[in-house]
Amino acid sequence: MSSTAVRTRGRFRGGAGLGLVAWLAGIVFFLPIAWMALTSFHSETDAATNPPSWGAALTLDGYREFFGAGGGASPWPALINSTVASVTSTLLVLVLALPAAYALSIRPVKKWTDVLFFFLSTKMLPVVAGLLPIYLFAKNAGMLDNIWLLVILYTSMNLPIAVWMMQSFLSEIPVAVVEAAQIDGARLPTVLTRVVAPIALPGIAATALICFIFSWNELLFARVLTGVVAETAPVFLTGFITSQGLFLAKVCAASLVISLPVLAAGFAAQDKLVQGLSLGAVK
Amino acid sequence: MTATTTAPAAAPQTSAAPHRPSARLRAWATRAPLLPALIFMIVVTQLPFVATLVISFFDWNSLYPDARHFAGLANYQEVLTDPALRKSVWTTVLLTVGVVLASLVIGLLLALLLDRRFRGRAVVRTLLIAPFLVVPVAAALLWKHVLYNPEYGLLNGLLHYVGGPQPDWISGTPLLAVQAALVWQWTPFMMLILLAGLQSRDQQQLEAARVDGASDWQIFVHITLPHLRRYLELGALLGSIYIVQNFDAVFTLTSGGLGTANLPYTVYQTFYQAHENGLASAAGVLVVIGSIVIATFALRVVSSLFREEVSRA
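Each protein sequence line maps, in turn, to chains A and B. Per UniProt numbering: the first sequence ends with 283, consecutive numbering throughout. Per UniProt numbering: the second sequence ends with 313, consecutive numbering throughout.
I should point out that these hints are in silico values taken from the structure, not numbers from a laboratory. From a predicted model like this one, the values you see are computed outputs, not experimental measurements. Hints may be right or wrong, so weigh each one.
Calculated cross-link-like contacts (lysine to any residue; reagent style SDA-like; alpha-carbon spacing at most 25 Å) [claimed, not checked]: (1) Lys110(A) <-> Val195(A); (2) Lys139(A) <-> Ala274(B); (3) Lys111(A) <-> Leu53(B); (4) Lys111(A) <-> Ile292(B); (5) Lys272(A) <-> Ala122(B); (6) Lys272(A) <-> Pro77(A); (7) Lys139(A) <-> Leu47(B); (8) Lys111(A) <-> Ala274(B); (9) Lys139(A) <-> Gly257(B).
Facing chain B, from chain A, some residues (calculated, C-beta under 7 Å) [stated by the list, open to error]: (10) Leu24; (11) Gly26; (12) Val128; (13) Ala129; (14) Gly203; (15) Gln244; (16) Leu260; (17) Val262.
Ideal placement from N, C-alpha and C gives every residue a C-beta, glycine not left out.
Let the hints inform the model, and build the full structure from the sequences given.
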């Protein structure tokens with residue numbers, strides 16, 4: 001690394017120079033997103049110029065178009081479906097994962113590490129492995145194009161992550177606290193809601209945000225298993241894959257609006273993001 | 001951190017219980033909170049896979065349901081000999097290896113930059129994480145229409161300033177176009193894991209090395225890299241598991257055309273458009289076998305990190 005030479009000359013100046021490089025890298029990585037945001041506020045003609053029009057007049061036309069002002073399909077049903085699928089499956093994940101994590105940390109079952117690794121291994125099974133049987137089952141059971149099917153699948157997709165994350169959060173709670181509550185005669189649900197949950201709340205919140213992100217982003221299941229009624233936001237976005245004349249501002253507005261919940265959730269969970277993404281292996 | 005301090009402390013309770021009459025009941029009471037999650041996972045993830053395995057042995061086109069019959073390994077033979085399917089196996093490998101390696105190297109450089117103190121570090125970190133927090137389909141649309149567009153995309157717009165060429169990115173280098181978009185999204189993931197690795201280095205050891213006059217390069221080679229090894233492995237393996245499965249980018253950027261169809265896309269197309277259930281299942285099983293190979297190593301790395309956390313506590 002060039003820092004070797006720099007460090008010998010003066011730690012401070014070297015640090016400032018590399019800080020500048022870091023800033024530059026940050027700006028390069030962020031540029032596409034910044035450009036997407038800027039383009040979403042341009043008119044369609046200003047959005048499609050070469051060289052790019054950085055200072056063109058700002059307008060909300062792209063957003064109006066996206067929300068259906070020009071006669072296109074409204075994104076609201078898809079946004080509502082995505083919200084229902086993501087929020088419901090996240091709640092279901094928490095309901096299932098919290099007791100499971102309790103049985104893997106505070107009051108562990110025998111061979112608790114094996115169970116933990118079973119959960120992890122299911123996460124490594126590719127989605128396509130079960131896609132066809134799930135599709136055939138849904139077709140025969142009349143559950144195609146049904147948002148609740150996605151809720152179940154998203155729950156299974158996120159449950160291993162949640163179990164791993166919560167296991168590591170719960171194992172930080174002193175056993176003495178839990179035992180004291182049990183000696184006082186508290187039953188498991190009471191122990192979970194009154195003693196464990198409050199201490200683990202920041203961890204639980206981060207877990208929930210990460211599960212929300214993965215559900216909101218999911219495309220393959222939604223694409224195959226939903227149609228008109230249960231279409232989610234990413235499926236709605238696939239309508240923009242083929243060009244429709246001048247539509248860059250509209251595409252940018254759509255991409256930004258649909259990404260906003262994920263950006264918000266991701267920045268809120270920033271500190272625990274690594275832990276969630278690495279399935280709890282890295283803290 | 002304290003996983004073991006709790007575990008051994010609580011374990012004797014359960015194992016000491018048997019001499020009581022209600023021992024079995026208590027063992028089940030310990031297990032009970034685990035069961036809903038466990039049963040749910042087995043039903044929703046394991047059963048469909050078993051079904052896939054069964055279907056993969058049948059010649060079954062859903063347009064001709066009556067012609068369904070047991071075909072043995074014929075589907076696997078077809079998957080492995082069909083040039084298009086074989087190509088998609090190769091594409092999957094190229095896509096995964098290329099994206100994982102590139103994002104790992106760039107992620108390492110960024111993590112090293114972020115590990116130092118400088119003005120606005122938190123802001124830069126936030127800027128760098130942002131690409132990972134764009135919905136994957138939206139990110140792919142952004143690259144396809146807004147950056148790669150040959151006439152008015154940002155890339156050619158920027159090239160225009162320096163009088164460079166105006167390539168048609170997706171038609172010219174389709175696989176590279178998909179890879180670049182994925183590298184942009186996955187570099188933050190690698191960076192975060194490696195940054196966590198850098199920050200878990202033993203600070204006293206680093207200080208001691210510095211006092212002994214070790215240069216930054218020596219510290220990097222002899223202390224940082226060995227320490228980072230398992231974080232690099234973890235990033236590579238988890239990245240591989242996620243990217244082997246990638247569907248969104250291929251579907252959005254090229255719709256599987258121009259030789260970019262990877263296995264997940266091919267499986268999707270085989271049953272969703274060609275209605276070849278048996279063939280799709282066989283391809284799906286192959287994806288699983290590939291993933292199991294990666295996953296075995298991944299589980300080993302996770303478990304070694306996990307045990308280290310446990311023993312450190």
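We went through each hint and held it up to the structure:
1. Under the criterion of a C-alpha separation no larger than 25 Å, the hint pairing lysine 110(A) with valine 195(A) is consistent with the structure, at around 23 Å.
2. Pair hint lysine 139(A) plus alanine 274(B) holds up; C-alpha atoms about 17 Å apart against a cutoff of 25 Å.
3. With a CA separation close to 29 Å, the supplied pair lysine 111(A) and leucine 53(B) exceeds the 25 Å bound.
4. Between the alpha carbons of lysine 111(A) and isoleucine 292(B) the distance comes to roughly 22 Å, so the proposed pair stays at or under 25 Å and holds.
5. Note on lysine 272(A) and alanine 122(B): the hinted pairing holds, with a Cα-Cα distance of about 15 Å set against a maximum of 25 Å.
6. Between lysine 272(A) and proline 77(A) the CA atoms are separated by roughly 31 Å; this puts the pair beyond 25 Å, and the hint is violated.
7. Of the pairs offered as hints, the one joining lysine 139(A) and leucine 47(B) holds, with about 17 Å between alpha carbons and a cut-off of 25 Å not exceeded.
8. Distance restraint check for lysine 111(A) and alanine 274(B): the Cα-Cα separation of roughly 45 Å exceeds the 25 Å cut-off, and the hinted pair is therefore not satisfied.
9. This hinted pair does not check out: lysine 139(A) and glycine 257(B) have alpha carbons roughly 28 Å apart, beyond 25 Å.
10. With a cut of 7 Å, the hint placing leucine 24(A) at the interface with chain B is violated, because the nearest CB-to-CB distance is about 9 Å.
11. Contact between glycine 26(A) and chain B, as hinted, is supported at the beta carbon level, the nearest pair being about 4 Å apart and thus within 7 Å.
12. A least Cβ separation of about 4 Å between valine 128(A) and chain B falls short of the 7 Å threshold, and the interface hint therefore holds.
13. For the restraint placing alanine 129(A) at the interface with chain B, the shortest Cβ-Cβ distance is roughly 5 Å, inside the 7 Å limit, so the hint holds.
14. Here the hint on glycine 203(A) is broken, as its CB sits about 12 Å from the closest CB of chain B, past 7 Å.
15. Here the hint on glutamine 244(A) is broken, as its CB sits about 10 Å from the closest CB of chain B, past 7 Å.
16. Hint status for leucine 260(A): violated, given a least beta-carbon distance of 9 Å to chain B, over 7 Å.
17. For valine 262(A), the interface hint holds, the least distance from its beta-carbon to any beta-carbon of chain B being 5 Å, beneath 7 Å.
When the structure is compared with the earlier hints, violations turn up for hints 3, 6, 8, 9, 10, 14, 15 and 16 and for no others.
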